[in-house]
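Here the protein sequences come in this chain order: A and B. Position one of the first sequence corresponds to residue 1 (UniProt numbering), numbered consecutively onward. Position one of the second sequence corresponds to residue 1 (UniProt numbering), numbered consecutively onward.
Simulated from the structure, these hints should not be mistaken for lab results. Hints are not guaranteed to be accurate.
Same chains, same label: a pair holds when it works inside one copy or across any pair of copies.
Derived BS3-like pairs: lysine-lysine, alpha-carbon spacing no greater than 27 Å straight-line [what the hints assert, rightly or not]:
id, residue 1, residue 2
1, K301, K394
2, K174, K58
3, K179, K57
4, K144, K241
5, K51, K223
6, K37, K394
7, K241, K149
8, K126, K428
9, K178, K57
10, K249, K149
11, K27, K292
12, K122, K149
13, K179, K58
14, K249, K382
15, K292, K223
16, K58, K122
17, K386, K374
Number of protein chains: 2
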Amino acid sequence: MTVKNLKIDFQTNTTALVSQLLVGQEKYEQKFEVCAKRALINYLTVLQKSKDEPAVKKINESFDKSQQNFPLNAGQKITAERAAFLNGFAAHYLDLDDTQANLRGHPSAVIMSALFAVTTSKDEIKSFLWAFIQGVETAGKLGKVLNPKLAWRGWHTTGMIGTVAAAAAIGVYKRVNKKQLINTLSFAVTQASGLEVQSGSDGKPFNAGIAARNAVYAFLTAKSGINAEQDPFSNSRGWLKTIADLEIKPEQLIKNWLSPAEIEVPGLWFKTYPFCSAGMSSYDAARSLYAKGIRIDNCQKVIIDFPQEGDHALRYKLPRTGKEGRFSAEYIVWQVLSRGAVTAASFELLQVPQSFTALQTIFQRQHNLVNDSKDARPTEIKIMLKDGTKISKKVIYPEGSPRNEIDTRTLWSNFSKLNTEGSQRLRKLLDDELGKVIELIDM
Amino acid sequence: MTVKNLKIDFQTNTTALVSQLLVGQEKYEQKFEVCAKRALINYLTVLQKSKDEPAVKKINESFDKSQQNFPLNAGQKITAERAAFLNGFAAHYLDLDDTQANLRGHPSAVIMSALFAVTTSKDEIKSFLWAFIQGVETAGKLGKVLNPKLAWRGWHTTGMIGTVAAAAAIGVYKRVNKKQLINTLSFAVTQASGLEVQSGSDGKPFNAGIAARNAVYAFLTAKSGINAEQDPFSNSRGWLKTIADLEIKPEQLIKNWLSPAEIEVPGLWFKTYPFCSAGMSSYDAARSLYAKGIRIDNCQKVIIDFPQEGDHALRYKLPRTGKEGRFSAEYIVWQVLSRGAVTAASFELLQVPQSFTALQTIFQRQHNLVNDSKDARPTEIKIMLKDGTKISKKVIYPEGSPRNEIDTRTLWSNFSKLNTEGSQRLRKLLDDELGKVIELIDM
């Protein structure tokens, strides 16, 4: 063996990714911005909804009373990384924030929290939205090469990919140069983390919070001018190799960058109920069956049929707590067939009701469905009633998914109901498109 | 398939680990404390040495001028997590800080930085040292089950295991209850990160910094009273499974807890030169050959022989920069055989000398040695001179390793040379053992 540098693919994957981020607004299309604005309204809505949750209050308090300023860092004394962390935690706390199919996780809670944390009065809303679009693009494109392997290995994609996507977004937002962007991404991947085992506990929103925080740390460190490894996405011991044993070519990573944009296709899912988006079709199917008169007391067997691994995120068949119930198709379907709907309170119970636990034997999961599309989430509920009648309902595109989307008026109305003064200011900003982002966070 | 909870091994590995940490000082032995004090002196020495490095100054400045207070948070305005991060970065910056064989990484830079960051005037030095001992124990025991797989996968063990060890140490230091300790560890593992690909860049000390920071975040979050997953070390999608595809029994994790203690056997390695500890035997062997009159100009072939994977951390055969040269046996040996010693400046060069690059073809690595012991690091240098003479030197226990240790007087002298006033105060504290840790950090 002669002396030879162990690193042979220096600056390939990283350069490819960075070049796509630096391409600037050449690929800008008005329709991307419409998607980003919808996400912004939804983000602010869920943040407002979570602000009085006991866990959200507790974590703010623990991170120094004298520095806290929830929900957003409106110029008061808080470090940028704490702002990112606390807002990321809050935005994902109720599991009501948006999701994206390629990411298999929650883009806005992480990316927007990171962007708000570094926003100054010099920043414009157009730059904010463009940075978000590029952040979602990074998340989706990384998700395409990493999923489902990443999730199956036990990683929480929101925490893992979210860190890198948010760091990319900050780089675009702050118009850093190529060298700084490479360093920002490199300091991001070396921090990226988050275990999927936290689903069903406060560790899940914590993962969103730390991803936003990590992105801010990556940016601040790169800004200082010190240098990280210049090809952290390298196949030789790099990030993709380490976390998922993947070796990829640069073109795999950046294929079809913004054409179509990840924010548009497969697009963002907006949630109306505080449970895992993998349970949305189960919910819609159960609602339809309830409307037809089906009640849990009359059911002898309730089969919930998914595509193979379509219920990976729904890890609790018999949840112990309401929080675990957010990740249980059985708990969601049971609620609907009992009462016609889920309630927010049912997902906060420290112990699920005995009336649910007693019925566990009637539930069964199957994996016979096929899913061909990223914007579909097929689930079929097949019921056998005690009188022998069989009835089933299949849902492919649940309400809130891109093919069955919530209109902007409804999103807006959800937000307006929460905060009239804030919503008026936000509307004005979104309408004239010339406002500073910083004004949003004063609401 | 009937309904069944997917999680079947609830609270096994985690409970086992926590019980060992909560055992309190029952297992305390005076000799552990001696080791911990030596580590403390060495930690403060390397921190002082790094404080004027440009990269260390830059990163402090980037993290908010108004809040910085380097090298330690002596009561000025800085958040605990920033203190942990900045000190962790600085302590590991020169790669002069201690290492431990089971951890395969750097314990004090992470654990002590985290402990100092949460220190208040109520804390006693005895508690600090005990917490450090338990942190090193956690690091070593986790390292035993995770290594070498973790490193071979591409993870930087200092960042990964360091996060968890430092979190455990804080829990012990702050005497949290069982529930809080489980949550602290759970919030730690979900943040644990660090890529080995950062070796040779500022990303490596960055990994030490974020590990210390992550531990502080884990502690502050757990302290708030919110709950993470209660068995994050579970074999069912837990941390060990996710990062290294390992399933272990609790007894594997906690076997021989503190008997012997990891801080004593295999013990801590103290470094005298700013390069990777895997290169220490190469250095000593080269020094011995230089003393015998061997010079690089007379060498036709220089073979460096390691055990299999004994040079894993020495990833650069032909480093491009001085920083990469810290992880190159060739660069270290070349320096010694050229000039009799390495210089700190040679590891800061932006480009290695042409006189080194030109000689790359005379170097060769082999992997014929066997290593039976954790406290050994065998390396043999075999040289063929231009006149055909062969000469070789094998070193098993390099200077600074536990079997060839630096005496405390020398450690102390290294520190004293840097900071007379501080060293006098530290000596007093260490002597009477009753001082408050907070006083140390006022130096």
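Hint by hint, here is what the structure shows:
1. K301 / K394: within (16 Å within a copy, 73 Å between copies)
2. K174 / K58: Answer is between; shortest inter-copy Cα gap is 19 Å, intra-copy 32 Å.
3. K179 / K57: between (39 Å within a copy, 20 Å between copies)
4. K144 / K241: both (15 Å within a copy, 23 Å between copies)
5. K51 / K223: Between copies only: 19 Å across, 32 Å inside.
6. K37 / K394: neither (32 Å within a copy, 67 Å between copies)
7. K241 / K149: both (12 Å within a copy, 14 Å between copies)
8. K126 / K428: within (14 Å within a copy, 60 Å between copies)
9. K178 / K57: This pair counts as between: shortest inter-copy Cα distance 23 Å, intra-copy 39 Å.
10. K249 / K149: Answer is both; intra-copy 17 Å and inter-copy 25 Å each pass.
11. K27 / K292: Result: close neither inside a copy nor across copies, 48 Å intra and 66 Å inter.
12. K122 / K149: The answer is neither: 41 Å in one copy and 48 Å across copies each exceed 27 Å.
13. K179 / K58: Between copies only: 16 Å across, 39 Å inside.
14. K249 / K382: neither (43 Å within a copy, 40 Å between copies)
15. K292 / K223: neither (60 Å within a copy, 48 Å between copies)
16. K58 / K122: between (32 Å within a copy, 24 Å between copies)
17. K386 / K374: neither (37 Å within a copy, 66 Å between copies)
Hints 6, 11, 12, 14, 15, 17, counting from the list given before, are not met by this structure.
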